[in-house]
Amino acid sequence: MENNDNFYINKAREAQSQNKVEEAILLYLKSLEFEPDNAVTWYRLGLLHHEKNSFTKAIECYTRVLSYAPEFVDAIVSSANAYYSLGELSKAIDLYNSSLVITPDSNVFYVLGTMYFEKKDIENTMRSYNEALKLNPNNLPAIQNLGGMYLSLGELEKAIEVLQPIADQRDDFPLINFNLAVVYHNSQKFDKAIEHYKKAIKADSTLTQGLYNLGICYIEINDYNQAMMTFRKLIKADPEFADAHYYLGNVYLHENLEEK
87 MENNDNFYIN KAREAQSQNK VEEAILLYLK SLEFEPDNAV TWYRLGLLHH EKNSFTKAIE
147 CYTRVLSYAP EFVDAIVSSA NAYYSLGELS KAIDLYNSSL VITPDSNVFY VLGTMYFEKK
207 DIENTMRSYN EALKLNPNNL PAIQNLGGMY LSLGELEKAI EVLQPIADQR DDFPLINFNL
267 AVVYHNSQKF DKAIEHYKKA IKADSTLTQG LYNLGICYIE INDYNQAMMT FRKLIKADPE
327 FADAHYYLGN VYLHENLEEK
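Positions 87 to 346 (my numbering) are the ones given, in order, by the sequence shown.
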């Protein structure tokens with residue numbers, strides 16, 4: 087016959103699989119009466135509190151985990167996630183960095199970069215995204231954000247270097263193509279900009295800013311017919327997009343369609 091702690095753990099896992107969260111919590115707590123230093127059980131308990139958005143209780147559980155197993159990386163990262171949910175960015179950043187000392191992880195570097203960006207720490211934002219890509223060159227969110235950072239800093243060649251290889255391979259990640267299109271647009275390479283705005287819009291038909299920028303590109307190359315159709319499509323999708331009305335009106339005037 088199995089011992090009591092295993093009995094309660096198995097019943098807790100069964101309840102958890104059936105989304106009976108409160109029952110699972112009580113069963114895990116019961117199991118801890120028999121084995122109070124079971125780090126894995128404390129971690130599972132923390133995850134259940136996390137699932138309920140009881141972040142403070144989750145952190146208490148993760149802290150117990152780390153008192154027994156200081157290098158339990160999942161508990162460190164989960165604790166960082168909980169602190170972030172509570173708006174405590176500095177504590178979250180410290181914990182993410184602690185986890186990376188033990189186990190470098192591309193996704194954790196990506197999340198850390200996002201944390202630094204929220205704190206307006208551009209140097210560490212860029213460093214974190216670059217570290218994420220060293221570990222996983224196909225980390226698409228990191229590629230998107232790093233490319234966007236280079237774009238915002240005016241480092242257009244670096245933005246192209248980061249974004250172009252993925253844009254050539256993938257048509258299903260709209261913001262990578264959108265950011266690349268903006269880079270080419272700012273470089274006045276309008277044909278390349280149009281190509282990537284189209285890819286971005288095809289991947290995400292709700293990307294109204296992409297339609298707007300595409301229309302502006304058509305005006306830049308004097309293709310007023312395509313500009314007209316693009317702004318009409320944009321206004322149909324978003325009638326409140328004021329600048330689209332303005333530029334469509336200008337196109338009508340250019341084409342001597344004053345009645346429009």
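One or more of the hints may lead you astray.
Claimed, not checked - Computed cross-link-like contacts, EDC-like style, restricted to lysine to aspartate or glutamate with a CA-CA straight-line distance of at most 16 Å:
hint	residue 1	residue 2
1	Lys-288	Asp-309
2	Lys-97	Glu-108
3	Lys-138	Glu-108
4	Lys-278	Asp-257
5	Lys-288	Glu-247
6	Lys-206	Glu-174
7	Lys-205	Glu-174
8	Lys-278	Glu-326
9	Lys-138	Glu-109
10	Lys-177	Glu-217
11	Lys-322	Glu-306
12	Lys-220	Asp-257
13	Lys-278	Asp-309
14	Lys-116	Glu-137
15	Lys-97	Glu-109
16	Lys-319	Asp-290
17	Lys-177	Glu-204
18	Lys-278	Asp-324
Said to hold, decoys possible - Estimated spans, in silico, between C-beta atoms of each pair:
hint	residue 1	residue 2	range
19	Leu-221	Lys-177	41 to 47 Å
20	Lys-206	Lys-116	43 to 49 Å
21	Ser-238	Glu-157	32 to 38 Å
22	Asn-336	Glu-243	29 to 35 Å
It should be emphasised that the hints constitute simulated quantities derived from the structure, not laboratory data.
Every value quoted in this text rests on a predicted model; they were computed, and no experiment measured them.
All C-beta atoms in this analysis are idealised placements derived from N, C-alpha and C, irrespective of residue type, glycine included.
Check each numbered hint from earlier against the structure, then list the numbers of those it violates in ascending order. Per hint list: 1, 5, 8, 10, 11, 12, 14, 18, 19 violated.
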